[in-house]
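Could you slot chain B onto chain A? The hints should help.
Respectively, the protein sequence lines represent chains A and B.
For the record, in the first sequence the residue sitting at position 213 is 213 according to the UniProt record's numbering, with numbers rising by one throughout.
For the record, in the second sequence the residue sitting at position 113 is 113 according to the UniProt record's numbering, with numbers rising by one throughout.
For the record, the hints were derived by calculation from the structure and aren't laboratory data.
Treat the hints loosely; a few may be bogus.
With a straight-line cut-off of 25 angstroms between C-alpha atoms, the simulated DSS-like cross-links for lysine-lysine are [what the hints assert, rightly or not]:
{"no.": "1", "chain 1": "B", "residue 1": "K69", "chain 2": "B", "residue 2": "K192"}
{"no.": "2", "chain 1": "B", "residue 1": "K192", "chain 2": "A", "residue 2": "K150"}
{"no.": "3", "chain 1": "A", "residue 1": "K69", "chain 2": "A", "residue 2": "K150"}
{"no.": "4", "chain 1": "A", "residue 1": "K69", "chain 2": "B", "residue 2": "K391"}
{"no.": "5", "chain 1": "B", "residue 1": "K192", "chain 2": "B", "residue 2": "K314"}
{"no.": "6", "chain 1": "B", "residue 1": "K425", "chain 2": "B", "residue 2": "K314"}
{"no.": "7", "chain 1": "B", "residue 1": "K150", "chain 2": "A", "residue 2": "K192"}
{"no.": "8", "chain 1": "B", "residue 1": "K150", "chain 2": "B", "residue 2": "K391"}
{"no.": "9", "chain 1": "A", "residue 1": "K391", "chain 2": "A", "residue 2": "K425"}
Rough simulated footprint, nothing fancy, chain A against chain B, three-plus residues with beta-carbon under 8 angstroms [said to hold, decoys possible]:
{"no.": "10", "region": "175-186"}
{"no.": "11", "region": "193-205"}
{"no.": "12", "region": "249-259"}
{"no.": "13", "region": "285-297"}
Idealized CB from N, CA, C, for every residue including glycine.
2 protein chains.
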Amino acid sequence: MKCTFVSVSAESDFSIQNLPFGVCSASEAASPQVAVAIGDYALNMAELAKRGLFDGINGFNAAVDVFSKPYLNDYMALGRSVWQEVRRRLQDFLSNDQNPVRAGLSASDPAVAMPLSSVQMHLPARIGDYTDFYASREHATNVGIMFRGKENALMPNWTHLPVGYHGRASSVVVSGTQLHRPSGQRRPDASKPPVFGPSVRLDYELEMAFFVGPGNELGSPLTLEQAEERIFGVVLMNDWSARDIQAWEYVPLGPFLGKSFGTTISPWIVTMDALEPFRVPQPAQDPTPLPYLCSESSRPAGYNISLEVDIKPKESEQFYPLSRSNLKYMYWTLRQQLAHHTANGCNMRPGDLCGTGTISGPVEESFGSMLELSWSGQKDICLGDSGITRKFIQDNDVIRISGHCQADGFRVGFGSCIGEILPAKAASS
Amino acid sequence: MKCTFVSVSAESDFSIQNLPFGVCSASEAASPQVAVAIGDYALNMAELAKRGLFDGINGFNAAVDVFSKPYLNDYMALGRSVWQEVRRRLQDFLSNDQNPVRAGLSASDPAVAMPLSSVQMHLPARIGDYTDFYASREHATNVGIMFRGKENALMPNWTHLPVGYHGRASSVVVSGTQLHRPSGQRRPDASKPPVFGPSVRLDYELEMAFFVGPGNELGSPLTLEQAEERIFGVVLMNDWSARDIQAWEYVPLGPFLGKSFGTTISPWIVTMDALEPFRVPQPAQDPTPLPYLCSESSRPAGYNISLEVDIKPKESEQFYPLSRSNLKYMYWTLRQQLAHHTANGCNMRPGDLCGTGTISGPVEESFGSMLELSWSGQKDICLGDSGITRKFIQDNDVIRISGHCQADGFRVGFGSCIGEILPAKAASS
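Next up, chain A with everything else stripped away, as it sits in the complex (with noise of 0.2 angstroms):
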């Protein structure tokens, strides 16, 4: 399928067959509203359905007003058959000449299709709860030998469910939102009492985290199936850490304030529906998990989406790479982390996410944090040939987190997810 209502190359992240949607304003006055990306373009969505083109959609009576909203949590409460409805319009529209809500309608037309260059991006969904997992393998067992020991790395109950743990919603932000380094309580020199100041272990943790649709009603829990079927679209993550307060205050309650400075994902929601050519096996699961977390359906419910890392270091103005993974190595599947998440009655609403964890593979590369590829910082990370090296993030240091699935003659991509560590700032009277 191409798309004809505007170009796009081969190479954009943003193809008829993606789709994927945001929040975005086409100025600073303007008020942020649905959008869905195509080529270089944000389709404003809410012009769309004024002109008709979701009308009579069965469960959908309000396209104007769900996508005129500064946030997608209406529409992701609506399902997946108004899902998939709305992506089959969307795709005709674009691909078809002869579409009716086409007549008289150029992609010049600022009203209907905004240049992506020109547009602000903004959180695309008030988020109630945001859930951190930690369901790569590699990384769990990397961090484990580094704390524990090599016998010692996985703890007993990590091949039986995803761990994961309650994150901060508040800090959340978009791609783009700088953030300043934390200050915190942490302990250099276990001989000697904790001190407080800025962290000197600040760190980035490639992941990617998925936004949850309808959700389920307090104390009943989900099936692996019912789980599948309510996850909507999955963006990109930076889960900031700053190594030194984690390590200082985790235990015995896990992580708090070494996360709950800022976690930035990126702006664009891609859909499952776009998802769904690029399903993989997941890494084989042994011990077999509970029945809870198994699924019937032979189905593959892994995803091959490539991801990368790059850091542009305050000396330079150019991108090196950190990180090359992907999220076909992830052990516990997205669909298992939700299903296990409800398992105990929680209840799930529109546009709660989720986030996968580190996704670290086999090989040093595709390590997905800095903690990893300095190996708690024993060892310079080095940058390219340039002479510059790393263990840990500086201050005016750049992340950027990028991502993709590659087809035959297009892609689904993710964009990007950017953010700069700007100077600590104290609290001030």
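Chain B alone, transformed into the frame defined by chain A:
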């Protein structure tokens, strides 16, 4: 000061010195809106605003609008000087027969004062993020002894910072909401694989929790004094805990599904201004905390609030005592918790909720959980002289927390925080 608008008994939790805020609806069909409790009545705050009671308060131009909302977030955002002036005007309205808004009004006017027995209470705020601390030394020590032995009871970080973790906001419910027993993975026999099923070690935790008023920008920490100014008020909280699920899942990332199936709070938020007369010194802190957790003021930062937990076992129609504790035992104060929470730049928003953690005291009857009272299920908890015993909560048991401050001639009370546990529910496809 005496209320002359309605009669208030000396035993009432809701004296004119209290004036707690909540959200209630007069009937199933009516919209929830902001109310203040006095004696056996809930004052309709939007109605009082319409009659001009809050006219001309600096920084508060939309009283009718703010009090017509089904949540308190907008009012919480206004800050202490508005809260204090609203309190003064309410007290004058209630105590002064000559108050001009009183003209022609009687307490039997249902538009102004609704009998508490007839209203339905709702969650008082939209909780953006919910955090739970672990701030009672006695509780942390008891749990530590059970899990790690006497020598390692308190972790090294515990006396240096208020340990906390992000909780689940979606499953915070208002008093009276029934909850289903959670199912989950647990490993009763460490030599065998884990099993899945309803928790068999279901517990309560006696806590209090504070609501944040005006928040802070991401990246901008609050000083201890700023933190104190930004706390709106306090509720009772039952942090229901499935000990067996928690024990298996919590290493290394902390409590997750063992907690997120439900957290119950009392509906009336007692403001910090009402609690002012009940300030008492906090327990001595040794070692002296780092400067960002220390105040130069000698004003005490603890609160003398008597707390009770009772159980109505399924076998009985009567409540029996479980715990008798007091907030004054808490090692880390509310303002220390909030200042610490923002020390890394984490942004708080109006309506965010922070739990204190289980409030245990020095003697056994003050232990704030069944885990402690039954010493991890090793001994029976006897319910009065009924012959009924418990180690953990059984289906259809009701747990009730209540709390109050007692002054000479009046009370500032919290009402109650109540919840019944229903049998577990499986996923249904």
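For this session: Would you list, in rising numerical order, the hints stated earlier that this structure does not obey?
Result: 1, 3, 4 and 5
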